[in-house]
Amino acid sequence: MHLSLSARLALIFSLITVLSLSLAGVVLFNALTHQLLGQSDLALQLKVRHLCQLAGELDSTLAIRDHQERLVALALGDPELALRIETTEGTVLIDHDPSHIGMIALPAAPACERAASGPVQHWSAAGTVPVSGVASMAKLRDGSGLKVGVARSMSDQAQLLNSYRNIIFATVASTTLIAVVLCYLFVRRALVPLRAIAASAQSITAERLDSRIDVSSAPLELHDLAQTLNAMLQRLQQGFDRLWQFTVDLAHDLRTPIGNMRGASEVALARTRSATDYRALLASNIEECDRVTRMIENVLFLARAESPQFALHRSQFDAGEELQRIAEYFDGISAESGVQVQVSGHAQIYADRELFRRAVSNLFANALRYTPRDETICMVAAESTLGASIRVQNPGEGIAAADLGKVFDRFYRGDEARSNSGTSNGLGLAIVKTIVEIHGGTALARSEVGTTAFELHFPAFRDGTAAGSI
Amino acid sequence: MRLLVIEDERKTAEYVKRGLEESGYTVDVANNGVDGLHLAMENDYELIVLDVMLPRLDGWGVVKQLRNSKETPVLFLTARDDIDDRVKGLELGGDDYLLKPFAFVELLARIRTLLRRGPVRDVEHLSLGDLEIDAIRRRVRRAGQRIELTPREFALLYLLATRRGEVLSRTQIASHVWDMNFDSDTNVVDVAIRRLRAKIDDAHTLKLIHTVRGMGYVLDIDEPD
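Residue numbers (our numbering), protein chains in the order written: chain A, 27 to 496; chain B, 426 to 650.
Pulled out of the complex, with its shape left as it was, chain A reads as follows:
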């Protein structure tokens, strides 16, 4: 069930009201019933006792018949009362029942000197009329016993209780209704600021991500919510801005190779050329296609790596050995650039080997691009209790402090003129960062005058079986 918060609160409140009012009604009703019954029972018992005393003054059962009129008049005087007097053998001496209550056989309390009455019995006459009755044994002067029973219809009391019960029902129902309505109105009123927040959230679209929810006008309880929403908007806005920038950069970078292909093809078609020229054109077009393909592959890799379903194929290996391997892979171009490579250290690492290679290769390729001739690039693997760390350090101009935070951004290039765009697509370091982050690690760039270092930290593996084994 999807009820609104106001309706839900009103419902809960009305339930509480109904329950507490009903409880009070039941308690009051029971108390009244108890008291009324107690009073009428006492009256009956007194009546029986009185009759027994009167009977005790008579000589024999015959005298009862003689004094019937007197006894009835004495005892009753109330048309609702019924009286039955019988001998111990069961012979009915008096059976006075003007309102046809229908006396039942009542257990009689034993006779004693001080005439006592038995417990009051309750039954229904003719199935509907409630009746109370009590009987007692009386002793005549001649020693014979008599059973005296008195009963009374309780319909007047029942009526009283009934109307009292109806009043209780009506009170509970109407009070509950009033409580629900009032509660609903007050809750709605209390939730007005929440609706205001919802309304301002509704007005926020991708084009208007800069608007924020007014925190100051919200009640204290909702400050946290408003602030959290604003922080979320802030993050969304940043994400959107980044995505927008990314799209612009991507389009720009795609334009270059496509422009090259189109331009070169147009020029070639402008006049008849030799087969060699055409071949050169086609080969150049393939190179441009390769650039585009690489860019698409890189962008797709970044997109997939950030999706939660991306599967890492982790294994445990020595990062130092992998560094050696990568240095060997770049052996040729390092030598051609006149750059030495120094690899040192070992570190057990639990990572996706393929992605690890890709990350470190990108770092190395980046370092090579900025290292002057006859200098040395250092690659160091180190292990601590926190995990494994990889450092790729190269001498060079360094990165300005203001740009350090941006080097891992997509399409960021140190050289504004994009002179390298043929060899670097500006995604290399973004891929490094993404790879490290999906391993739960961090990527850092440090730069001082004359040297730049990139550090990758991979967290220690959880099972710990191989930690510290080297």
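Simulated from the structure, these hints should not be mistaken for lab results. These figures come from a predicted structure and were not determined experimentally. Watch out, some of these pointers could steer you wrong.
[As the list claims (entries may be wrong)] According to the in silico footprint, chain A covers these stretches of chain B (three or more CB under 8 Å from chain A):
hint, segment
1, 613-620
2, 631-644
[To be verified] Lysine to aspartate or glutamate pairs mimicking DMTMM-like chemistry, simulated, CA-CA at most 20 Å apart:
hint, chain 1, residue 1, chain 2, residue 2
3, B, K525, A, E314
4, B, K525, A, D250
5, B, K436, A, E233
In this text, a Cβ means the ideal position worked out from N, Cα and C, and glycines have one as well.
Fit chain B to the given chain A structure using the hints.
Chain B only, in chain A's frame:
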């Protein structure tokens, strides 16, 4: 050898057919899954190149029905690169897959590998003109002269020699020789080839390592046309 290409993108089908025919295969083309499946059931092809996204009946459907009666090797072409898709293709009875966009030499290499059926045997002795390769002792001689190669240079030369006459892309070379299975934006392979050439070819008039611009490298006595 007769191949079937099932591909709905007209230009792709056209150049794949032409390229394969020029590499010595007879090629039939179908533009949708239903026609493709029909052709595949009627004829005995050596291999089927099958696009996944096809009108009327997709690649999965084609291979599923084909496998009820035929064991023709199937090479999937797919623009999707989810691991799940690849696994699905292989589970349904595909034999290999290639991601679009692909380099034609890569397609050719995959087709050749599938048609070879069974693993490539390591050859102990290879010779090409006056070049001799002793794979066991890892020694190389040219015109009787011993040439010293680093292990990676030897691996590179050995790869080119076993695939004599076959153009190998930079990606293939990086993957085979260095086990680097991603495109780095560097010219590592070009430099490695240059250094290998300096040792193998520079002192001789007959060049053996040839560049096929835009595609890759090939080892052969004759220059490729």
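Determine which of the earlier numbered hints do not hold for this structure and return their numbers in increasing order. 4, 5
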